[in-house]
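Chemist: Chain by chain, the residues:
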Amino acid sequence: MYTFSSKLKTFSIVLMVLGILGIGIGFMSVPNKEEVKEMMKNAHDGHHGKTATHEVHENVGTHDAHKAEVKHDVHGHDDAHLEHVLHQQQNKPWSAFYVACIFFMLLTVGVLAFYAIQQAAQAGWSPILFRVMEGITGYLLPGSIIFFIVLLLSGFHVNHIFVWMDEAEVAKDHLLQGKAGYLNVPFFLIRAAIFLAGWNIYRYVSRKNSLAQDESNDITNYKKNFKWAAGFLVFFIVSESIMSWDWIMSVDPHWYSTLFGWYVFASFFVSGITTIALITLYLKSKGYLEYVNTSHIHDLAKFMFGISIFWTYLWFSQFMLIWYSDIPEEVTYFVFRIENYKLPFFGMLVMNFVFPLLILINTDFKRLSWIVVMAGIVILCGHYIDFYNMIMPATVGDQWYIGWSELGSIAFFLGLFIFVVFSTLTKASLVAKGNPLIEESKHFHY
Amino acid sequence: MSNKVIHAIYNDDDVLMEAVKQTRAAHHHIEEVYTPFPVHGLDKAMGLAPTRIAIASFLYGLVGLSVAFTMMRFIMIVDWPQDIGGKPSFSFIDNMPSFVPIMFEMTVFFAAHLMVITFYMRSKLWPFKKAENPDVRTTDDHFLMEVGVHGSEEDMISFFKSTGAVEVKVIEKH
Chain D
1 MYTFSSKLKT FSIVLMVLGI LGIGIGFMSV PNKEEVKEMM KNAHDGHHGK
51 TATHEVHENV GTHDAHKAEV KHDVHGHDDA HLEHVLHQQQ NKPWSAFYVA
101 CIFFMLLTVG VLAFYAIQQA AQAGWSPILF RVMEGITGYL LPGSIIFFIV
151 LLLSGFHVNH IFVWMDEAEV AKDHLLQGKA GYLNVPFFLI RAAIFLAGWN
201 IYRYVSRKNS LAQDESNDIT NYKKNFKWAA GFLVFFIVSE SIMSWDWIMS
251 VDPHWYSTLF GWYVFASFFV SGITTIALIT LYLKSKGYLE YVNTSHIHDL
301 AKFMFGISIF WTYLWFSQFM LIWYSDIPEE VTYFVFRIEN YKLPFFGMLV
351 MNFVFPLLIL INTDFKRLSW IVVMAGIVIL CGHYIDFYNM IMPATVGDQW
401 YIGWSELGSI AFFLGLFIFV VFSTLTKASL VAKGNPLIEE SKHFHY
Chain U
1001 MSNKVIHAIY NDDDVLMEAV KQTRAAHHHI EEVYTPFPVH GLDKAMGLAP
1051 TRIAIASFLY GLVGLSVAFT MMRFIMIVDW PQDIGGKPSF SFIDNMPSFV
1101 PIMFEMTVFF AAHLMVITFY MRSKLWPFKK AENPDVRTTD DHFLMEVGVH
1151 GSEEDMISFF KSTGAVEVKV IEKH
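If you're matching them up, the sequences are chains D and U in order.
The numbering of the first sequence is our numbering, which starts it at 1 and goes up by one.
The numbering of the second sequence is our numbering, which starts it at 1001 and goes up by one.
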């Protein structure tokens, strides 16, 4: 049995408190209309000389009335711009919270999918890690409750993360009107509820069967889990795809991409596997997992390596197909990101691809704890940035920076994640001793 | 005396593994082991150095990547930078995404093929090569361990008999 060390517990609570503090400061420091005006004025003054000469040049020899009209237009444009920037500033703490919230929840879903795959494939190496995976998926329930509350708040217009939820916006946008049959708040929330419920039910049932199997003399529970895993994987792949359109792609409701669901899947799947590796190494270092050897770590590291490359393949396929054909309605998605998010956009490629590719290609390295931990931390940060790149450009535009809101949200959810996961780990033996493949797994050697 | 070898023949891979370990423990020098299929862990038991072919392959991959890069930069950007369907051919990085499929394939091509050729060369395999098989049964269901004879021939024969060999022969090697 695992006991939650008081040090780690305190650490997670400190993270949560600091996180709430950061989130609070983020919400308090949203500038009001006057401050935004001031900000924009300061920014404009820098270019004023240039703009002025340009205007004069353009207006040479035109009618006075026309001049007035031009001036008026410029003024109206400024107001619209002011409104726009204000909205982005107001979105910032919400989006930061949303990104961290969906990242940690989906990471858990990635672990759940990995767990189901291991069950359905009857893998012989991984049963020794099942309790670690079950511990991580313990976060799914609290994570999805918080996430659903955020979606509800968006649905009730508390924030502006999803532009298609704003009726005034839809009224003047033909494209959004055309999508209203799918993108409307009640249907959106019903879908979200079904998906979250489906995942949580599978998590609950598989955990229950897994614990029951420990006390049982036959393998009926194991067989039940096998069938549940197969059924879940079918449900998962459908719900995952729709989930990615709803929760991530719909922040950019004018844009669409067919392989987006897979791309999002690869991102949180590799994060989930990395988390399994990190938590396994932590527990191992504390002496709780006596049967876990370097071969298990090697296998996890191979998955981290392989799925990182799979993620890159999907990222590149999506990017290159859109870049190559250069269709204006699709390409704006990447044009905006490359212009305004250059460092996170290409930086994540280094963190999620180049770094794991070079470091985890070596067989000996994949057995060294510190290498796997280092690569794992880089991969997790990289995939957080990936989610950041998917959400932020649509909600805060070019007003982004990593500040109190972002770091606070990450700290809060990381603290909550550690707290829930390690509490769940204390609730059952770390060896799933009833699993018929556990002996093979204990002696797994590669 | 020194060019005599013992051929100890086994009919089970577990017995062979055990015999290899005993032979190593008795400090007899194993010249070669012939098996009909890969025996897992045999190389470790024999104390063979790990292969470096993966490292060679990685380096070949880098060569392939450089070839692809140099080729396309010269052809598409330096030699004749045409406007083909609006693709930006001002610099390599501008048009990089369209070169990636080729760079990827060339990397894999070089890594795979040069590694295979390295394998053939290092293990001396080619068409019309004379087979070096001491006993035809080793390609079917028997395992053969070849050990150089040093010291007493009788002692060695009885030693290999004791390791479970079904047949022990002393061969004059030329």
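It should be emphasised that the hints constitute simulated quantities derived from the structure, not laboratory data.
Where hints are given, some of them may not hold.
[Said to hold, decoys possible] Okay, the calculated beta carbon distance ranges per label pair:
id, chain 1, residue 1, chain 2, residue 2, range
1, U, I1053, D, S295, 14 to 24 Å
2, U, I1053, D, G124, 23 to 33 Å
3, D, Y313, U, W1126, 44 to 54 Å
4, U, T1035, D, L357, 31 to 41 Å
5, D, L21, U, M1071, 54 to 64 Å
6, U, I1053, D, Q122, 24 to 34 Å
7, U, W1126, D, G124, 38 to 48 Å
8, D, I402, U, V1108, 29 to 39 Å
9, D, N42, U, F1104, 46 to 56 Å
10, U, A1026, D, S295, 55 to 65 Å
11, D, H445, U, L1048, 15 to 25 Å
12, U, L1048, D, L21, 52 to 62 Å
[Said to hold, decoys possible] So, partial list: chain U residues that the calculated Cβ filter (under 8 Å) puts toward chain D:
id, residue
13, I1093
14, P1097
15, S1098
Even glycine gets a Cβ: it sits at the ideal position worked out from N, Cα and C.
Chemist: All the hints need checking, so say for each whether the structure fits it.
Modeler: For each hint, the structure was consulted:
Take I1053 (chain U) and S295 (chain D): their Cβ atoms lie about 22 Å apart, and the range 14 to 24 Å holds. The given range of 23 to 33 Å is respected by I1053 (chain U) and G124 (chain D), whose C-beta atoms sit roughly 28 Å from each other. Between Y313 (chain D) and W1126 (chain U) the Cβ separation comes to about 37 Å, which falls outside the hinted range of 44 to 54 Å. Take T1035 (chain U) and L357 (chain D): their Cβ atoms lie about 36 Å apart, and the range 31 to 41 Å holds.
For L21 (chain D) and M1071 (chain U), the hinted distance range of 54 to 64 Å is satisfied, since their beta carbons lie about 56 Å from each other. A C-beta distance of roughly 32 Å is found between I1053 (chain U) and Q122 (chain D), which places it inside the suggested range of 24 to 34 Å. Range check, W1126 (chain U) to G124 (chain D): about 40 Å between beta-carbon atoms, so the 38 to 48 Å window is met. Taken as a hint, the range 29 to 39 Å holds for the pair I402 (chain D) and V1108 (chain U), whose Cβ atoms sit roughly 37 Å apart.
Restraint check, N42 (chain D) to F1104 (chain U): a C-beta distance of roughly 47 Å satisfies the suggested window 46 to 56 Å. At about 31 Å, the beta-carbon gap between A1026 (chain U) and S295 (chain D) misses the expected band of 55 to 65 Å. Evaluation of the 15 to 25 Å hint for H445 (chain D) and L1048 (chain U) yields a pass: the beta carbon distance comes to about 19 Å. Distance hint for L1048 (chain U) and L21 (chain D): a CB-CB separation of about 60 Å, consistent with the stated range 52 to 62 Å.
With a cut of 8 Å, the hint placing I1093 (chain U) at the interface with chain D is violated, because the nearest CB-to-CB distance is about 11 Å. Hint status for P1097 (chain U) relative to chain D: holds, with the closest Cβ pair at about 4 Å, below 8 Å. Hint on S1098 (chain U) holds. Least Cβ distance to chain D is approximately 6 Å, under the 8 Å limit.
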